[in-house]
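Construct the entire structure; sequences and hints are all you get.
Letter by letter, the chains look like this.
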Amino acid sequence: MAEGLQEVAPTTGAEQFQAGLWRQNPILVQALGMCPVLAVSNTAVNALTMGLATASVLLASALVISSLRRIIPAQVRLASFVLVIATFVTVTDMLIEAIAIDVHRALGAFIPLIVANCLILGRMEAHASRRPPGAAALDALGMGGGFVLCLLTLGSVRELLGNGSLFGMTVMPAAFEPWVVMLLPGGGFFALAGLVLLGRWLSGTPARKGAGP
Amino acid sequence: MTVLAGARTSSEFRVYTVLVGIALVAGLGIAAVHELTRPHVAAQRLILLSRAVFDVLPAAADYYALRERPDGTFEVLPDSTDTGLFLGVDAAGDPVGIAITATGMGYQDRIALIYGLNPERRHLLGLRVLESRETPGLGARIVDDPRFLAAFEALELQFDDRGHVRALQIAANARPDAGEIDGITGATVSVRAVARIVSSSLERWLPAFDGAYPELREGGHG
Chain S
1 MAEGLQEVAP TTGAEQFQAG LWRQNPILVQ ALGMCPVLAV SNTAVNALTM
51 GLATASVLLA SALVISSLRR IIPAQVRLAS FVLVIATFVT VTDMLIEAIA
101 IDVHRALGAF IPLIVANCLI LGRMEAHASR RPPGAAALDA LGMGGGFVLC
151 LLTLGSVREL LGNGSLFGMT VMPAAFEPWV VMLLPGGGFF ALAGLVLLGR
201 WLSGTPARKG AGP
Chain A
1 MTVLAGARTS SEFRVYTVLV GIALVAGLGI AAVHELTRPH VAAQRLILLS
51 RAVFDVLPAA ADYYALRERP DGTFEVLPDS TDTGLFLGVD AAGDPVGIAI
101 TATGMGYQDR IALIYGLNPE RRHLLGLRVL ESRETPGLGA RIVDDPRFLA
151 AFEALELQFD DRGHVRALQI AANARPDAGE IDGITGATVS VRAVARIVSS
201 SLERWLPAFD GAYPELREGG HG
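Read top to bottom, the protein sequences are chains S and A.
Read in our numbering, the first sequence has 98 at position 98, and its numbers run on one by one without any break.
Read in our numbering, the second sequence has 203 at position 203, and its numbers run on one by one without any break.
The set of hints was computed from the structure by calculation and includes no laboratory data.
There's no promise every hint is true.
Examples of chain S residues toward chain A, derived with CB under 10 angstroms [unchecked claim]:
1. 72
2. 104
3. 132
4. 180
Ranges between beta-carbon positions, derived for each pair [unchecked claim]:
5. A:47 with S:167: 18 to 26 angstroms
6. A:93 with S:193: 29 to 37 angstroms
7. S:132 with A:25: 17 to 25 angstroms
8. S:102 with A:104: 35 to 43 angstroms
9. S:172 with A:20: 53 to 61 angstroms
10. A:21 with S:198: 44 to 52 angstroms
11. A:36 with S:203: 37 to 45 angstroms
12. S:198 with A:20: 45 to 53 angstroms
13. S:13 with A:186: 28 to 36 angstroms
14. A:67 with S:70: 55 to 63 angstroms
15. A:24 with S:70: 15 to 23 angstroms
16. A:94 with S:180: 34 to 42 angstroms
Model, not experiment: these values are computed from the prediction.
Note that the Cβ used here is the ideal one computed from N, Cα and C, for glycine as well.
Put into structure tokens, the structure is as follows:
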């Protein structure tokens, strides 16, 4: 992970944003924050909500911590990061409960657990606390976007195969026998492995154009 | 020496100021959002609650909220206020059962549930978990394990010689007609918690309803 972070040092805003989406994708490349990825990617709605919740916490925390980077003393930086992250997680938790209580119930303990998502704390320590708010926001958007895309892909594949539906609407023909295993924890590992394999295969084929300065 | 000491105090002071400052702003922010979302959350919870009442009283077409008066009789409230006690009625207005909410300690936090009781108060009609923070994948299965929930749909209550209700038992190959429910592998603590919560709630409410139920039939029509 540390090598991956140092290897590519994006300079322009676009590169900053794209890094999280693909080259340093938190799930496919860095393998960060895998607990919710496996646990709540059983349906597309759960995956999308979880992804968006994590991405918004990431973006909001990055903006705040980047703005406070000269104020926060180094000794208590981690405590401060966790404090800020926990605040946004609590707020997100309350907002989701107010907007979509069914999804809130389905996600259960995993929304509060965003606090402990190492993707967020990792980005704060490695990036947001060292860059100005603009760069931090772009990085958070890229990483959050990459996280949402992967989670949504996983959730859609698992719901499609495991339940024959997408976002709760039946799309597979009636003759389709659902693969219930895809909704169970094991199915999460299968789908994730398939996705990582596909990602590696896709990024391996074309030569890396902008790999490193 | 003095310089170092001075530097340390000022830096310590700064550390505390920053941490306390962040915590203060964070607390205020959370309190503000809590206040803003409270009415929406309450409205959403009422929708969920009403759905759960119909789930545990399948024959109900409508329901009323009940409130126990200090003298032991029950007051029928026309609107769907959350008193935790509900009288389900069919289309003709006849009682089809009572839905009772109960809370108790689960594995790591409070479990809130609701169960339906038939009008004769001899068997349960269903159970739904309203709120829980049990371990995802293990204890949390009390919320949606279909076999576990189905066990409560025709659970015969057992009474001792003096007419007191016996606690629900967890058993392998459980017989619902003997007041037994099947456990869930990996969710032992949570299943026991549910059985305990329902049992103590039954102990609390069955005697209270024994005298008051005829009167409720009247109330149900009103």
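Consistency of the hints with the structure:
{"no.": "1", "hint": "72", "verdict": "holds, 6 angstroms"}
{"no.": "2", "hint": "104", "verdict": "holds, 8 angstroms"}
{"no.": "3", "hint": "132", "verdict": "violated, 19 angstroms"}
{"no.": "4", "hint": "180", "verdict": "violated, 13 angstroms"}
{"no.": "5", "hint": "A:47 with S:167: 18 to 26 angstroms", "verdict": "holds, 21 angstroms"}
{"no.": "6", "hint": "A:93 with S:193: 29 to 37 angstroms", "verdict": "violated, 58 angstroms"}
{"no.": "7", "hint": "S:132 with A:25: 17 to 25 angstroms", "verdict": "holds, 21 angstroms"}
{"no.": "8", "hint": "S:102 with A:104: 35 to 43 angstroms", "verdict": "violated, 24 angstroms"}
{"no.": "9", "hint": "S:172 with A:20: 53 to 61 angstroms", "verdict": "holds, 56 angstroms"}
{"no.": "10", "hint": "A:21 with S:198: 44 to 52 angstroms", "verdict": "holds, 46 angstroms"}
{"no.": "11", "hint": "A:36 with S:203: 37 to 45 angstroms", "verdict": "holds, 43 angstroms"}
{"no.": "12", "hint": "S:198 with A:20: 45 to 53 angstroms", "verdict": "holds, 48 angstroms"}
{"no.": "13", "hint": "S:13 with A:186: 28 to 36 angstroms", "verdict": "violated, 48 angstroms"}
{"no.": "14", "hint": "A:67 with S:70: 55 to 63 angstroms", "verdict": "holds, 58 angstroms"}
{"no.": "15", "hint": "A:24 with S:70: 15 to 23 angstroms", "verdict": "holds, 19 angstroms"}
{"no.": "16", "hint": "A:94 with S:180: 34 to 42 angstroms", "verdict": "holds, 41 angstroms"}
Against the hints set out earlier in the document, violations occur for numbers 3, 4, 6, 8, 13.
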